[in-house]
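Protein chains: 2
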Amino acid sequence: MNKKGLAILMRTRMRPGEPSKLALSPLAANEMRAENKGNQSAGSSMGDGGGEGNRVLSPSSNNMRAFEQVRESMHSAISMNKTEVLDTVLSDFSEGYFSLSPENRRKLLLILAKEYDLNRVQVRQLINQYLSLELPKGDGAQGDTVEEEGLLSTFYRIERNLRHSLQPLYEVLFERLNTHPGGLKFLSILRADILCILAEDNIASLRALDSYLKEKLSTWLSPATLELHQITWDDSASLLEKIVAYEAVHPISNLIDLKRRLGVGRRCFGYIHPAIPGEPLIFIEVALLKNVAQTIQEVLWDNPPTPEHEATCALFYSISSTQPGLAGINLGKFLIKRVVTLLKKDMPQISTFATLSPIPGFMQWLLSKLASQSKLAELEASSHPSADRSTSSFWENILKQEEESALLSLSEEFAAMNNGMEVMLHILTSKNHDWKNSPELLAVLKPPLMRLCARYLLQEKKRGKALDSVANFHLQNGAMVQRINWMADRSEKGLQQSGGIMVNYVYRLGNIEEYAQSYFSTGHIHASPDLLHQLENVDVQGNGDE
Amino acid sequence: MNKKGLAILMRTRMRPGEPSKLALSPLAANEMRAENKGNQSAGSSMGDGGGEGNRVLSPSSNNMRAFEQVRESMHSAISMNKTEVLDTVLSDFSEGYFSLSPENRRKLLLILAKEYDLNRVQVRQLINQYLSLELPKGDGAQGDTVEEEGLLSTFYRIERNLRHSLQPLYEVLFERLNTHPGGLKFLSILRADILCILAEDNIASLRALDSYLKEKLSTWLSPATLELHQITWDDSASLLEKIVAYEAVHPISNLIDLKRRLGVGRRCFGYIHPAIPGEPLIFIEVALLKNVAQTIQEVLWDNPPTPEHEATCALFYSISSTQPGLAGINLGKFLIKRVVTLLKKDMPQISTFATLSPIPGFMQWLLSKLASQSKLAELEASSHPSADRSTSSFWENILKQEEESALLSLSEEFAAMNNGMEVMLHILTSKNHDWKNSPELLAVLKPPLMRLCARYLLQEKKRGKALDSVANFHLQNGAMVQRINWMADRSEKGLQQSGGIMVNYVYRLGNIEEYAQSYFSTGHIHASPDLLHQLENVDVQGNGDE
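Protein chains in written order, with UniProt numbering: chain A, 1 to 546; chain B, 1 to 546.
Don't take each hint at face value.
If chains are identical, the list can't say which one is meant, so a pair holds when it fits in one copy or spans any two.
Claimed, not checked - In silico lysine to any residue, SDA-like type, Cα no more than 20 angstroms apart, as pairs: (1) LYS462 with GLN517; (2) LYS461 with SER211; (3) LYS290 with ALA248; (4) LYS333 with SER91; (5) LYS333 with LEU217; (6) LYS216 with SER165; (7) LYS369 with LEU535; (8) LYS461 with ASP210; (9) LYS114 with LEU135; (10) LYS214 with ARG163; (11) LYS114 with ILE158; (12) LYS214 with TRP365; (13) LYS214 with ARG176; (14) LYS214 with ALA224; (15) LYS375 with PHE334; (16) LYS107 with TRP365; (17) LYS345 with PHE334; (18) LYS216 with LEU169; (19) LYS114 with ARG157; (20) LYS114 with GLU148; (21) LYS114 with TYR130; (22) LYS216 with ARG157; (23) LYS259 with ASN418.
Just so you know, the hints here were simulated from the structure itself, not pulled from any lab data. No experiment lies behind these values; they were computed from the predicted model shown.
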């Protein structure tokens with residue numbers, strides 16, 4: 001999954017206005033601060049001069065001293081001999097870092113990125129040394145002379161020295177923090193701060209540091225190291241608090257809501273890394289149902305839940321990551337497969353494993369398509385009135401004739417517009433999604449929205465992979481697209497993202513590997529016959545692009 | 001700790017003749033095979049042509065086909081696109097590898113080392129590209145122009161490409177195996193095989209591969225990832241079987257012995273890595289006692305054990321690593337400190353934390369010293385009869401005058417020898433350590449052996465660190481040398497390694513950091529006054545070297 005896609009899928013956030021209700025440890029409070037900063041910068045840039053990369057710092061002398069101390073401990077942590085005792089230095093550095101203001105953290109991270117990268121003089125020396133050597137010939141397993149082996153040893157040693165010299169100095173800091181208790185968590189917070197800064201200011205040296213740190217974190221967070229843990233009401237409050245705080249898909253409103261999600265007919269599983277105990281890095285919520293649910297309302301609020309022995313379907317309805325600093329690292333890769341295997345073993349009567357998933361990119365894609373195409377249509381209409389519209393290769397009426405007519409005949413106001421796409425754009429961007437309360441509008445919108453949603457999921461691609469990040473995530477994991485559901489999520493967010501439509505992906509145990517393989521190699525998306533049928537009309541018109 | 005030192009300390013072995021008693025899984029059986037091979041090669045080289053690096057292979061065509069299949073799966077595992085599904089390929093490779101004969105494993109590992117290292121054509125191209133660029137100036141945080149940031153981005157990108165091109169291709173295999181269930185364990189077995197081959201044949205390319213793999217394993221086995229687990233009689237038989245198999249210091253003779261070591265007055269703790277469940281990578285055995293024990297016999301066989309509420313001392317009497325493939329990776333670093341902290345919390349009445357440790361290098365050092373010095377003494381005596389012996393800077397009588405006289409007057413046979421050192425050498429190398437049964441010999445040997453043992457532990461160094469690997473291990477961890485104990489280990493191995501002497505290292509909670517720090521920075525070894533007193537006579541003679 002691409003970075004942006006995963007960032008959307010895995011978005012972690014505190015719901016605004018709620019954080020104060022939670023009892024947070026100092027560490028968590030710091031995290032939240034970093035995160036809120038993140039949310040702000042993801043929106044519009046604030047009035048603190050962050051936008052132009054030219055902050056004016058006005059630290060008190062107290063601040064300055066604290067900053068210099070942290071800077072010194074950072075320097076010691078990097079430059080100490082590897083056999084020296086580092087525990088206290090690393091603790092000093094991480095505690096000191098937390099005490100810094102956002103401005104000073106930024107300053108420190110830039111120092112780390114610029115002053116602790118490579119010794120380029122040494123790199124050039126080693127390059128010259130390396131270029132002066134040839135790899136000795138005759139490197140066969142048998143019959144090597146002792147002399148040849150000696151030359152080879154030298155060659156490999158210099159090659160290794162060159163490799164080491166190209167590793168930035170800050171690698172030492174990362175490696176040492178990783179072996180330090182609490183260090184992995186600290187690195188994840190550090191990276192969250194870095195991502196915040198980069199969102200405002202694309203600083204090349206910091207970008208290079210981030211990409212290096214991300215590589216390291218990916219290695220350390222190998223799925224083989226992650227433990228699958230079933231989260232229950234018996235878990236500690238500090239862990240459950242994090243579930244409430246980080247549920248990114250369907251916010252948990254209160255303790256009763258949380259208890260429901262962990263109670264009868266529900267399951268919750270998380271991946272825990274041993275170096276970050278008591279805090280799942282990613283978690284998934286499951287509902288045990290009689291049938292694959294069509295709306296999130298019935299999953300979140302059906303009462304009473306299905307008795308577990310009657311359930312035949314396990315529905316994955318939410319997956320959330322808890323660490324903003326681990327954005328872009330695919331933690332979910334084996335999670336679903338492991339949960340499916342576990343559930344199947346515990347409850348053999350479960351025969352269907354499906355999701356009820358958001359379609360986070362649908363509306364964004366559709367609105368931009370409607371805007372550009374209705375503009376093109378207008379231009380075409382004015383230059384070649386009543387001429388053959390298909391001459392422009394860019395122009396495409398994404399609506400069918402009957403949909404166009406239905407939209408234009410909704411009201412006099414709409415009839416005066418240039419075309420159906422303009423009408424649709426106008427309705428969909430109306431304040432508060434008012435259209436959702438009008439049975440008339442819903443009836444007219446449903447056919448084109450459902451048809452275009454199928455097209456978006458199955459045909460719109462980027463570099464050969466599904467454009468929608470959540471679709472790409474599940475297809476990569478070996479799922480197929482089963483069904484799209486009208487008015488399946490009536491929440492503000494659901495309407496905003498996907499016009500209230502949700503999708504069921506299905507995992508068939510026997511096909512997971514095969515589907516994943518064909519998706520990877522050819523980009524082929526497996527879909528149910530029903531869904532392909534919904535799409536067909538588009539193909540008949542010959543307008544499906546890519 | 002240096003590699004060789006750790007290899008000695010951490011040596012893992014199955015006691016010969018016993019493996020067949022254990023019910024082993026196929027994997028464990030394979031490991032054992034690898035290990036036995038290791039034991040053989042560590043001794044004298046076997047008659048299979050392994051010594052000259054020129055094995056004649058005679059694989060049947062069946063063997064050939066199997067080999068080619070494993071080779072192919074290895075190639076696929078490395079060359080597949082990273083987004084492709086790898087699980088089956090990696091499983092095929094690791095299962096295939098286990099089915100190979102030692103000769104074919106060797107062949108495959110050499111192919112991996114030689115054909116999958118670097119693309120050196122690409123490296124040279126990137127070096128040229130890199131050398132043609134200058135790091136753009138004016139890399140300040142503020143006031144950078146967009147153009148400068150663009151140039152910097154390019155520079156960092158090429159630098160990163162160069163760095164990546166210097167990573168061997170086989171890194172991909174290691175990384176992928178690490179994320180694969182069971183892969184970390186497999187890599188440890190692979191490295192055990194590599195170390196066996198290198199012990200016979202120092203092949204440069206394989207040595208380079210090993211050093212790369214070792215770096216990777218060190219990263220993945222960060223102490224922060226290791227879980228401290230108390231091993232008890234309630235653990236699974238498959239885990240306990242491994243404790244029996246891998247106890248390297250004081251072999252466990254039967255189930256009753258094992259149960260004792262896990263029962264009242266005893267503790268056993270292991271580090272478990274989440275990716276290698278059910279198998280501690282290293283474990284430590286503890287006895288709760290009234291006083292610091294002087295002999296291993298009383299620890300292993302005192303009956304009944306001290307009631308736990310009467311114990312004031314926790315004695316670490318054994319530490320063993322279970323993975324020959326993790327040799328040289330310091331897994332024990334935080335183990336003792338964590339166990340001390342845990343025990344102190346659970347049992348506040350424990351005030352002394354000490355070890356009863358072997359001195360694996362003492363006899364080897366002493367015998368070589370005796371042989372060389374007695375030879376030198378002989379030469380001196382013949383060339384300058386009755387002259388001043390101190391003229392030769394190499395010559396040193398490591399015996400005191402009264403020790404010399406006592407040795408020479410033991411018997412007529414000895415009186416005819418050239419000097420006391422020759423007598424001592426003769427006695428210590430006698431068959432079956434017969435001296436241990438003669439009260440007369442013991443009385444004469446004890447003073448010089450104890451004195452020289454104190455000297456060996458406190459003064460004999462290598463690169464500024466204690467020569468004895470176990471001493472270096474504990475000193476690095478912040479211990480001090482408390483006491484040496486005569487006839488503390490009367491086992492064959494104890495007599496062989498250290499003339500039956502054992503040592504108590506003591507961990508003082510308040511001094512651990514300070515002692516470790518001073519040992520690291522200056523090589524200073526903290527010792528008890530008693531022990532320093534035992535040493536003093538040597539210093540008075542002015543013969544302490546280094």
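Structure-based check of each hint:
When the C-alpha separation of LYS462 and GLN517 is checked against a cutoff of 20 angstroms, the pair qualifies only within one copy, where the shortest distance is 18 angstroms, while the shortest distance between copies is 56 angstroms. Proximity of LYS461 and SER211 under a CA criterion of 20 angstroms is satisfied in neither setting, with 25 angstroms inside one chain copy and 43 angstroms between copies. In this assembly of identical chains, LYS290 and ALA248 lie within 20 angstroms of each other by CA distance neither inside one copy nor across copies; the values are 26 angstroms within and 56 angstroms between. With identical chains, the CA atoms of LYS333 and SER91 are at most 20 angstroms apart between copies only, with a shortest distance of 17 angstroms across copies and 32 angstroms within one.
Taking the shortest alpha-carbon separations for LYS333 and LEU217, only the intra-copy value of 15 angstroms comes in at or below 20 angstroms, while the best inter-copy value is 22 angstroms. Taking CA atoms no more than 20 angstroms apart as the test, LYS216 paired with SER165 passes in both settings, with 17 angstroms inside one copy and 17 angstroms between copies. Only within a single protomer do LYS369 and LEU535 lie at most 20 angstroms apart by alpha-carbon distance; the minimum there is 17 angstroms, versus 88 angstroms between protomers. With identical chains, the CA atoms of LYS461 and ASP210 are never at most 20 angstroms apart, being 28 angstroms at best within one copy and 43 angstroms at best between copies.
For a Cα distance limit of 20 angstroms, the shortest separation of LYS114 from LEU135 across copies, 12 angstroms, qualifies, whereas the shortest one inside one copy, 34 angstroms, does not. With identical chains, the CA atoms of LYS214 and ARG163 are at most 20 angstroms apart both within one copy (19 angstroms) and between copies (15 angstroms). In this homomeric assembly, LYS114 and ILE158 come within 20 angstroms of each other (Cα to Cα) only across copies, at 17 angstroms, whereas the closest approach inside a single copy is 26 angstroms. Taking identical chains as interchangeable, the C-alpha atoms of LYS214 and TRP365 are never at most 20 angstroms apart, the minima being 29 angstroms within one chain and 48 angstroms between chains.
Taking identical chains as interchangeable, the C-alpha atoms of LYS214 and ARG176 lie at most 20 angstroms apart whether they share a chain (16 angstroms) or sit on different chains (17 angstroms). When the C-alpha separation of LYS214 and ALA224 is checked against a cutoff of 20 angstroms, the pair qualifies both within a copy, at 18 angstroms, and between copies, at 19 angstroms. In this assembly of identical chains, the alpha carbons of LYS375 and PHE334 never lie at most 20 angstroms apart, being 44 angstroms within a copy and 67 angstroms across copies at closest. In the homo-oligomer, the alpha carbons of LYS107 and TRP365 never lie at most 20 angstroms apart, since the shortest distance is 38 angstroms inside one protomer and 54 angstroms across protomers.
In this assembly of identical chains, LYS345 and PHE334 lie within 20 angstroms of each other by CA distance solely inside one copy; the values are 17 angstroms within and 38 angstroms between copies. Taking identical chains as interchangeable, the C-alpha atoms of LYS216 and LEU169 lie at most 20 angstroms apart whether they share a chain (14 angstroms) or sit on different chains (18 angstroms). Taking identical chains as interchangeable, the C-alpha atoms of LYS114 and ARG157 lie at most 20 angstroms apart only when they sit on different chains, with a minimum of 15 angstroms there against 28 angstroms within one chain. Taking identical chains as interchangeable, the C-alpha atoms of LYS114 and GLU148 lie at most 20 angstroms apart only when they sit on different chains, with a minimum of 14 angstroms there against 41 angstroms within one chain.
For the identical chains of this complex, LYS114 and TYR130 are inter-copy neighbours only, at 18 angstroms across copies versus 26 angstroms inside a copy, given an alpha-carbon limit of 20 angstroms. In this assembly of identical chains, the alpha carbons of LYS216 and ARG157 lie at most 20 angstroms apart only when taken from different copies (17 angstroms versus 24 angstroms within one copy). In this assembly of identical chains, LYS259 and ASN418 lie within 20 angstroms of each other by CA distance neither inside one copy nor across copies; the values are 52 angstroms within and 87 angstroms between.
Hints 2, 3, 8, 12, 15, 16, 23, counting from the list given before, are not met by this structure.
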